[in-house]
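Enquirer: Sequence:
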Amino acid sequence: MYLFNHYVFKEMNFGIKFTFVFLFASSLLFITCLLIFDNITVFAQQENTTINADDQFGIEKIYPTKSDGREWYVNMSNPKNDPNVTFTFNPRLAKQDDGSWKIRDDHIRINVDTLNGTEEWKNVEITGYVKIDSIINPRKSVITDIDWVARTDQHNENFPCHGLSLHGGIYPDGSAAWKKEIWFTGGYTKEKSVPKVTDSLMNRWIGWKTVIYNTNNDSAVKMESYLDNSNSNHWVKVFEITDNGGWYASSSDKVFYSANCGRSKDHMVLNSGPIVTFRADNVVLNFKDLSIREIEPPK
Numbered sequence: 001m002y003l004f005n006h007y008v009f010k011e012m013n014f015g016i017k018f019t020f021v022f023l024f025a026s027s028l029l030f031i032t033c034l035l036i037f038d039n040i041t042v043f044a045q046q047e048n049t050t051i052n053a054d055d056q057f058g059i060e061k062i063y064p065t066k067s068d069g070r071e072w073y074v075n076m077s078n079p080k081n082d083p084n085v086t087f088t089f090n091p092r093l094a095k096q097d098d099g100s101w102k103i104r105d106d107h108i109r110i111n112v113d114t115l116n117g118t119e120e121w122k123n124v125e126i127t128g129y130v131k132i133d134s135i136i137n138p139r140k141s142v143i144t145d146i147d148w149v150a151r152t153d154q155h156n157e158n159f160p161c162h163g164l165s166l167h168g169g170i171y172p173d174g175s176a177a178w179k180k181e182i183w184f185t186g187g188y189t190k191e192k193s194v195p196k197v198t199d200s201l202m203n204r205w206i207g208w209k210t211v212i213y214n215t216n217n218d219s220a221v222k223m224e225s226y227l228d229n230s231n232s233n234h235w236v237k238v239f240e241i242t243d244n245g246g247w248y249a250s251s252s253d254k255v256f257y258s259a260n261c262g263r264s265k266d267h268m269v270l271n272s273g274p275i276v277t278f279r280a281d282n283v284v285l286n287f288k289d290l291s292i293r294e295i296e297p298p299k
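Read in our numbering, the sequence shown has 171 at position 171, and its numbers run on one by one without any break.
You can trust all of the hints, since none of them are fake.
Per label pair, the in silico range of CB-to-CB distance: (1) 203 - 233: 16 to 26 Å; (2) 58 - 96: 15 to 25 Å; (3) 219 - 104: 40 to 50 Å.
Each computed DSS-like pair below joins lysine-lysine, with the alpha-carbon atoms no more than 25 Å apart: (4) 190 - 140; (5) 179 - 122; (6) 222 - 299; (7) 237 - 179; (8) 140 - 192; (9) 237 - 288; (10) 140 - 196; (11) 196 - 288; (12) 222 - 265; (13) 192 - 222; (14) 179 - 222; (15) 265 - 190; (16) 66 - 237; (17) 265 - 192; (18) 299 - 61; (19) 66 - 122.
Bear in mind the hints are in silico, worked out from the structure with no lab data behind them. Beta carbons: idealized from backbone N, C-alpha and C, even for Gly.
Hey, can you work out the whole structure from these sequences and the hints?
Expert: Encoded structure:
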């Protein structure tokens, strides 16, 4: 009997030890897995934050900023107090109760320049929030639009070839368009447009983004338009085109070649440019949170 009890006791003791070791090992394995999983989760969150980080104004970036790329943000305390910025025709600005700025002019041009020693604008994401209070001249023949202009220089009749540019615009009726300017003023193409991307823009805030970047080993240029239709930082792509040739200026050969710019009638705007312009025509405009970033284009 003693031998039997002793044997049973040893078996029980062994079983308890085995159970304890098994439970300890299982717990250790479980804790290790939690730590590994937690590290993976944190890493993924960090990666996601880096890729989709908002800009200085808290506005969503469509594309990441280029490493060491230029960024510009409007001075919301005083937009004219900025060495990079010139306002064509020097219009009067009026600060509003919500912190935005109102500007009334037939030809609004907020030009963001390149200072000496600074890289020119090339592959860019241009962002701004606007509200149209009213239209100055209601005649249909008068150009009325919001237009972000890139890869350009001064527009001056004495130097027409400097006017090379790409225009990404939206109209008060909610239609959107892109057009190309090969020289100022006789080098415009017919615009490529979509009839309606939203309802009327009158008396409400919208966000407007345009993105321009070269593709196909710098042999073509992609243009994209994004709309925040509800002033809620929710951006939707509403239009895109690629210029890889065949988009011609609409002027006659005689007019087009009179500028002597040495460009073909379907010249592609693949170059950088010293100026990006926030443009609006024939409107009383409120604006806020304007920005430009040099982006890392998609591969």
